[in-house]
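Number of protein chains: 2
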Amino acid sequence: MVYLDAAGAEPLDPAGREAYLAALDEGWAGPDRLYREGRRARMLLDAAREAVAQEFGCRADELVFTSSGTTAVHQGVLGLARGRMRAGTTIAVGAVEHSSVLHAVDVATRRSGGRSVIVPVDGLGRVSLGALADLVDAEAGLAFAAIQSANHEVGTRQPVTQAAGLLAERGVPLLMDAAVTLGREPVPEGWAVLAGSARKWGGPTGVGVLAVRKGTRFAADWPEDERERGWAPGPVNVPAILAAATALRTRLGEAAATAERHRELTALLRARIPELVPNVEVVGDPDDRAPHILTFSCLYASGEALLLELDRLGFAVSSGSSCTASTLTPSHVLEAMGVLTQGNVRVSLPWRVTADEVEQFLAVLPGAVRVARPQQDAEAGSAPAGEDEAVAEPELEIDALGKLCPLPVIELGKRIGQVQVGGTVRVLADDPAARLDIPAWCRLTGHDYLGAAAFEGEHGIEAVPGAMAYRVRRRE
Amino acid sequence: MVYLDAAGAEPLDPAGREAYLAALDEGWAGPDRLYREGRRARMLLDAAREAVAQEFGCRADELVFTSSGTTAVHQGVLGLARGRMRAGTTIAVGAVEHSSVLHAVDVATRRSGGRSVIVPVDGLGRVSLGALADLVDAEAGLAFAAIQSANHEVGTRQPVTQAAGLLAERGVPLLMDAAVTLGREPVPEGWAVLAGSARKWGGPTGVGVLAVRKGTRFAADWPEDERERGWAPGPVNVPAILAAATALRTRLGEAAATAERHRELTALLRARIPELVPNVEVVGDPDDRAPHILTFSCLYASGEALLLELDRLGFAVSSGSSCTASTLTPSHVLEAMGVLTQGNVRVSLPWRVTADEVEQFLAVLPGAVRVARPQQDAEAGSAPAGEDEAVAEPELEIDALGKLCPLPVIELGKRIGQVQVGGTVRVLADDPAARLDIPAWCRLTGHDYLGAAAFEGEHGIEAVPGAMAYRVRRRE
Chain Y
1 MVYLDAAGAE
11 PLDPAGREAY
21 LAALDEGWAG
31 PDRLYREGRR
41 ARMLLDAARE
51 AVAQEFGCRA
61 DELVFTSSGT
71 TAVHQGVLGL
81 ARGRMRAGTT
91 IAVGAVEHSS
101 VLHAVDVATR
111 RSGGRSVIVP
121 VDGLGRVSLG
131 ALADLVDAEA
141 GLAFAAIQSA
151 NHEVGTRQPV
161 TQAAGLLAER
171 GVPLLMDAAV
181 TLGREPVPEG
191 WAVLAGSARK
201 WGGPTGVGVL
211 AVRKGTRFAA
221 DWPEDERERG
231 WAPGPVNVPA
241 ILAAATALRT
251 RLGEAAATAE
261 RHRELTALLR
271 ARIPELVPNV
281 EVVGDPDDRA
291 PHILTFSCLY
301 ASGEALLLEL
311 DRLGFAVSSG
321 SSCTASTLTP
331 SHVLEAMGVL
341 TQGNVRVSLP
351 WRVTADEVEQ
361 FLAVLPGAVR
371 VARPQQDAEA
381 GSAPAGEDEA
391 VAEPELEIDA
401 LGKLCPLPVI
411 ELGKRIGQVQ
421 VGGTVRVLAD
431 DPAARLDIPA
441 WCRLTGHDYL
451 GAAAFEGEHG
461 IEAVPGAMAY
471 RVRRRE
Chain G
477 MVYLDAAGAE
487 PLDPAGREAY
497 LAALDEGWAG
507 PDRLYREGRR
517 ARMLLDAARE
527 AVAQEFGCRA
537 DELVFTSSGT
547 TAVHQGVLGL
557 ARGRMRAGTT
567 IAVGAVEHSS
577 VLHAVDVATR
587 RSGGRSVIVP
597 VDGLGRVSLG
607 ALADLVDAEA
617 GLAFAAIQSA
627 NHEVGTRQPV
637 TQAAGLLAER
647 GVPLLMDAAV
657 TLGREPVPEG
667 WAVLAGSARK
677 WGGPTGVGVL
687 AVRKGTRFAA
697 DWPEDERERG
707 WAPGPVNVPA
717 ILAAATALRT
727 RLGEAAATAE
737 RHRELTALLR
747 ARIPELVPNV
757 EVVGDPDDRA
767 PHILTFSCLY
777 ASGEALLLEL
787 DRLGFAVSSG
797 SSCTASTLTP
807 SHVLEAMGVL
817 TQGNVRVSLP
827 WRVTADEVEQ
837 FLAVLPGAVR
847 VARPQQDAEA
857 GSAPAGEDEA
867 VAEPELEIDA
877 LGKLCPLPVI
887 ELGKRIGQVQ
897 VGGTVRVLAD
907 DPAARLDIPA
917 WCRLTGHDYL
927 GAAAFEGEHG
937 IEAVPGAMAY
947 RVRRRE
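Chain order of the listed sequences is Y and G. Counting from 1, one number per residue, gives the positions in the first sequence under the working numbering. Counting from 477, one number per residue, gives the positions in the second sequence under the working numbering.
Looking from chain Y toward chain G, a few residues come up when the C-beta cut is under 10 Å (computed): (1) Gly30; (2) Asn237; (3) Pro239.
From the derived model, a few chain G residues whose C-beta atoms are all more than 10 Å from chain Y: (4) Gly599; (5) Gly729; (6) Pro750; (7) Pro941.
One side only, chain G facing chain Y, incomplete, derived with CB under 8 Å: (8) Ala485; (9) Ser544; (10) Asp787.
Hints were generated in silico from the structure; no laboratory data involved. We put the beta carbon where it would ideally sit given N, CA and C, even for glycine.
With the rest of the complex left out, here is chain Y:
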């Protein structure tokens, strides 16, 4: 099995595994205990905290260990929101933040009676500093802004240090979810609250880090106890923390070399995939990005079918396509970027990936995509069927109501040749993915996207919830 979903989880780093096993025997006692096992656990914990803090450029007493990166984000958001309540209850949040940030912001604003405002991103998934500046100037009471170090789905780095500078001038703290980059590259400066997850750097599941700069107003908004400054209730998992600290040290020693190797491999994928597979959109910043992530979408392909076929062939990847998520909506990251969501694949390289594994992936991908494109002829659809040109209509309507991604776009691709050059096709669809995929189809095939409007029901076709009418003009 070739594992290419490191951004989800990686097996425990071998050095971390050794540290874990040793600590299961030596560090299992509560570090709050007075007897020697407790004191030893405390000593080991203090050393791990010191080491991790040093790597992240903060003081040991600014950093606590939580039970996961998710918890670190949740407590970070809720604690900062509560601590900054007097300054304001509006939270600015990047449009492509991790769902854990968005969920916590929802709860924080519900509790405070405040609201969140989204900082938009460009087509590469990068937040707009101009929009952030405008927003800070327009908002009298801004609690804080949440901006990640780099995006977890498309790898694009965010301009966090510039954002932090811009916010600092207005006295607004920055919360940075650095899960994608911790253990891989230097921690960007300027954060007031930092959150991350050890399992993203080869540590075990069950360890998050939350750091809060001295001087930041921060107040627990959850049941507290005496452990980890009251910021992370529950027992401190010393063995897992030691494993996390060990894995971090190992990784950082190899980080620069690994980043370079990963960058070459993802650059190779980025260059080769569009050559090997027709109608592919590779997304995210090609240069200023986390080196281990590469994401692309395949027109006309079902994301779920693609993942399952790749799995059958022995390759593990993830997807932001709607049909692979329990919510039936495409990834909010792809949505905010306005890119194609169908047939979406995220490749994220594990630490010790080989060039051979990447080559193997490239070798099987075209066949896997063919399997995941249910109607092969759809691929040819964007080229007009010559002999029908004479009978082509000036207008055409496609009723794709009730059909799920990628079917509406497949239908469009198959039938665009039935309309005259310059004529328009009206696609009726209620699948939310169509909002992104029809414009993306136009971009990829060279036709004009004219816009969309709510479809209220017409000439015997009933409206369904979320139904839209999309208009496309055929080009040559």
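Fit chain G to the given chain Y structure using the hints.
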């Protein structure tokens, strides 16, 4: 080292350790993933959930795994409080519940604008069913009652099934923190929400269980995600959960025999300690209790000094004395029971404790207590110094303001002989432990406790915050 603090943590059970190591290699992938590693992790997780649910007498879809027992309690309390908000915002909580329950109830009532009411306990630490019934009848809007299966500090079992019956008649659900008994004895019936911690049954740190009976109104009051029904955000720690399930199965197979063995050993401790050590109060129910816990307090002894001396001699125990806690207040459990708090020791037997280890503990205890009683002569103080009888005063005042436990009681023991039989001693003290320890001293030494009043400052002695004047009448 003889480890007698199993109620805090135990080393991972050997079978659980094996399961853990195997699962670090086989179950590390996210169970939400479509590829085979993910599907395998999901299969392992489902099997573990099924096994644990069966042991606890609930359905697999009623049970989720959290990141700790503390988290299970917190989410249980907050989710039930929010789910039951329309029924009421008052929460009834046993006086000796674990601090995690009390902390969560504080937050729940702060969020709802409600309040908590304490169900009192008797001198053995058992909640009063009569008081609970009165409370339910008096309260129009009761959200729920929280009562543990057995007490974590003194071992006393709670009448949860009777309480649940009484509550059910009034339509009020019961939340049961069963951390002390899960994996050791059958789960009492009648709970609507059940919380527990795997590391109390020999599982690893980082796994809690939260079960919510079908039909119970329960609503997330935290940032949700799609995992574990939205009740336990963050990654699901499959390897740790497998280890927990394995440890549980191993333990339950040996539970009846182990309980019997533990019961004999704690009965031995209970009988022998008062014979070996003068002025000891053994607390908690002698019979109806968790078999592995035995708690006692030693008059005139410093809890911290006693723990450190026992540690020096190679014995690990815990204490509810104020001087061993960062809060400087004695355990709320001992306080609610109204028992002596100084020189407090909780012995909790690990699964495979030997009779020899318990005998060793009994052999060193008298010497350790002598070391922890800073002024040896205090022990003799309660016997009047015969020759001074003639010059004894009718009244005596002891200024122990600013002195910490056990000093006020030591002073009292030393000087009681200076007052006539029938005369009174007035002790001025601001240490909160004195509220419990002076009455307990009277109980243990046979003098009369006459009561206490706030000390506002008098004849040149300034009042300090929390200062009280305690009155004691000397008996023969």
